Each structure stands twice: as C-alpha cells, then as structure tokens.
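Given only the sequences and the hints, what does the whole structure look like? Please build it.
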Amino acid sequence: GAVVSQHPSWVICKSGTSVKIECRSLDFQATTMFWYRQFPKQSLMLMATSNEGSKATYEQGVEKDKFLINHASLTLSTLTVTSAHPEDSSFYICSAKRTGRDEQFFGPGTRLTVL
Amino acid sequence: GESVGLHLPTLSVQEGDNSIINCAYSNSASDYFIWYKQESGKGPQFIIDIRSNMDKRQGQRVTVLLNKTVKHLSLQIAATQPGDSAVYFCAENLAEGTGRRALTFGSGTRLQVQP
Numbered sequence: 001g002a003v004v005s006q007h008p009s010w011v012i013c014k015s016g017t018s019v020k021i022e023c024r025s026l027d028f029q030a031t032t033m034f035w036y037r038q039f040p041k042q043s044l045m046l047m048a049t050s051n052e053g054s055k056a057t058y059e060q061g062v063e064k065d066k067f068l069i070n071h072a073s074l075t076l077s078t079l080t081v082t083s084a085h086p087e088d089s090s091f092y093i094c095s096a097k098r099t100g101r102d103e104q105f106f107g108p109g110t111r112l113t114v115l
Numbered sequence: 116g117e118s119v120g121l122h123l124p125t126l127s128v129q130e131g132d133n134s135i136i137n138c139a140y141s142n143s144a145s146d147y148f149i150w151y152k153q154e155s156g157k158g159p160q161f162i163i164d165i166r167s168n169m170d171k172r173q174g175q176r177v178t179v180l181l182n183k184t185v186k187h188l189s190l191q192i193a194a195t196q197p198g199d200s201a202v203y204f205c206a207e208n209l210a211e212g213t214g215r216r217a218l219t220f221g222s223g224t225r226l227q228v229q230p
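Residue numbers (my numbering), protein chains in the order written: chain A, 1 to 115; chain B, 116 to 230.
Just so you know, the hints here were simulated from the structure itself, not pulled from any lab data. Note that this is a predicted model, so its numbers are computed, not measured. Check before you lean on any hint, since a few could be wrong.
[Claimed, not checked] Cross-link-like lysine-lysine pairs, in silico, DSS-like; alpha carbons within 25 Å at most:
no., chain 1, residue 1, chain 2, residue 2
1, B, Lys157, A, Lys20
2, B, Lys171, B, Lys183
3, B, Lys157, A, Lys14
4, A, Lys41, B, Lys157
[Unchecked claim] Over the 10 Å line for every Cβ pair with chain A, so calculated as not near, a few chain B residues:
no., residue
5, Gln129
6, Asp164
7, Asn168
8, Ser189
9, Ser200
10, Asn208
11, Thr219
12, Gln227
Glycine included, each C-beta is placed from N, C-alpha and C at the ideal position.
Right, here's the structure in full:
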C-alpha cells in the first residue's frame with residue numbers, strides 16, 4: 001500500500017511552453033500533497049503544499065503564477081510549470097500524506113528538461 | 116533547512132561493514148524524524164522514522180538514534196550491502212496538529228559500498 005505515482009516520468013519541452021505534471025495517490029486518500037524540486041547533487045526543496053479543495057501554500061521565493069498547483073480530488077494533484085525556461089529544468093517530486101498520519105510517501109519524480 | 120553546496124559528503128564503506136550516517140537538524144520544535152534513501156533518478160524511499168519521545172528505534176538492518184539535546188540524528192546500517200549505495204537524507208517535521216506539516220530535508224550523504 002501507500003503508492004504514489006507521477007506522470008510523466010520525464011519530459012523535454014521548448015522554452016516558453018507549459019508542462020503539466022500529475023501526482024496520484026493510488027491506494028489511499030491524501031488531503032495534503034507536497035511538491036518538491038531537486039537540482040543535481042542537492043537536497044529536496046519544498047515548493048508548495050497542496051490541500052484538496054483549497055489554494056496551495058507556496059514557499060518563499062516560489063512564484064505561484066509560474067508554478068500552478070491544482071488539488072481537485074483526494075488522489076490527484078497537478079503542477080503546471082508555465083512558460084518554462086531552461087532554469088526550470090529540474091527533478092520535480094511530489095509526496096502525499098494520509099489524513100491524520102505523519103508519514104509521507106513520495107512519487108518517483110519527474111525529470112523536466114527545458115531546451 | 117536549506118540544502119548547501121554542490122558536493123554531497125560521501126561515506127565509503129566495505130561490503131559487510133556497518134555504516135553510520137549522521138544528521139544535524141535545526142528546529143527544536145520538530146518531533147518527528149525520518150530517514151529516506153534516494154537512488155539516482157528516483158524519488159525518496161522511506162527507511163525508518165522516529166518520534167521525539169524515543170531515542171532509538173530499530174528496523175531490519177537499520178537503527179535510528181535521536182539525541183534531542185544536541186539535535187542530532189543518526190542512521191546505522193548493519194552489514195552494508197552494495198544495494199545500500201545511494202544518497203541518504205534525514206527529514207524533520209512537526210507532528211500532526213501542530214501546524215507546519217511539510218518535511219524539511221537535510222543536505223544528504225552519499226553512501227558508497229565497495230564490494
């Protein structure tokens with residue numbers, strides 16, 4: 001149990017285009033999901049907290065208009081990178097948290113490359 | 116906490132030896148701690164967790180030690196195997212119901228197991 005999937009696993013896009021990444025909890029309901037970004041040889045940096053049915057909470061320095069988060073159901077959160085630029089190239093990882101529990105389960109990540 | 120630097124500290128051990136990976140956490144109010152293993156190109160994988168009312172917890176081949184006095188966490192891996200080679204991150208969190216529920220990751224340690 002407690003499987004989190006992400007789609008796509010990797011994506012290459014042109015500068016200026018938008019990319020949507022999906023995060024799904026496959027066998028549990030997650031009222032809260034988190035989006036992280038990881039640059040090579042660095043740790044995971046929290047971008048935003050996504051709560052089902054409400055607006056996401058963004059960390060300082062993360063542009064909410066650039067990284068659009070939608071958490072429309074208890075099993076799905078999406079991150080859309082709008083007008084992507086090469087500096088947005090990174091490994092994007094989501095995690096999902098069961099209601100009332102501390103444990104977070106991570107997805108396999110999405111490698112975004114912006115040309 | 117912020118991740119730092121471009122070079123992960125590396126611990127190199129011989130197969131069969133015991134490994135000890137250390138982590139200093141920053142928030143004295145954190146009361147839930149987790150160790151994750153991350154292989155290249157994959158999302159973090161849960162290894163073991165511990166709450167602040169404990170100072171030691173054991174799993175299969177792994178032990179986590181918590182010293183709240185000096186805000187230090189360690190992960191011990193017994194009889195290290197080549198498959199244990201990965202980057203290991205500690206993470207801290209406030210327990211459910213105390214507000215912030217996102218994880219804060221440490222900077223990571225690369226474990227290299229020599230056959």
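Quick rundown of the hints versus the structure:
1. For the hint linking lysine 157 (chain B) to lysine 20 (chain A), the alpha-carbon distance of about 19 Å falls within 25 Å, and the restraint holds.
2. Straight-line distance between C-alpha atoms of lysine 171 (chain B) and lysine 183 (chain B) comes to about 11 Å, which keeps the hinted pair within the 25 Å bound.
3. A C-alpha spacing of about 24 Å is found between lysine 157 (chain B) and lysine 14 (chain A), which places the hinted pair at or below 25 Å, so the restraint holds.
4. For a cut-off of 25 Å, the pair hint linking lysine 41 (chain A) to lysine 157 (chain B) stands: about 13 Å separates their Cα positions.
5. The non-interface label for glutamine 129 (chain B) is consistent with chain A: the shortest C-beta to C-beta separation is roughly 24 Å, beyond 10 Å.
6. The Cβ of aspartate 164 (chain B) sits about 7 Å from the closest Cβ of chain A, inside the 10 Å cut-off, so the non-interface label is violated.
7. In this structure asparagine 168 (chain B) is separated from chain A by more than 10 Å, as the shortest Cβ-Cβ distance comes to about 13 Å.
8. Listed as a non-interface residue, serine 189 (chain B) keeps its Cβ farther than 10 Å from every Cβ of chain A; the least gap is roughly 18 Å.
9. Distance check for serine 200 (chain B) against chain A: the nearest CB is about 15 Å away, which clears 10 Å, and the non-interface claim stands.
10. Residue placement check: asparagine 208 (chain B) does not keep its beta carbon more than 10 Å from all beta carbons of chain A (closest about 7 Å).
11. Not every C-beta of chain A lies more than 10 Å from that of threonine 219 (chain B), the closest at about 7 Å, which undercuts listing it as non-interface.
12. Even its closest Cβ contact with chain A, about 14 Å, leaves glutamine 227 (chain B) beyond 10 Å, as expected for a residue assigned away from the interface.
Checked against the numbered hints listed earlier, the structure breaks hints 6, 10, 11; every other hint is satisfied.
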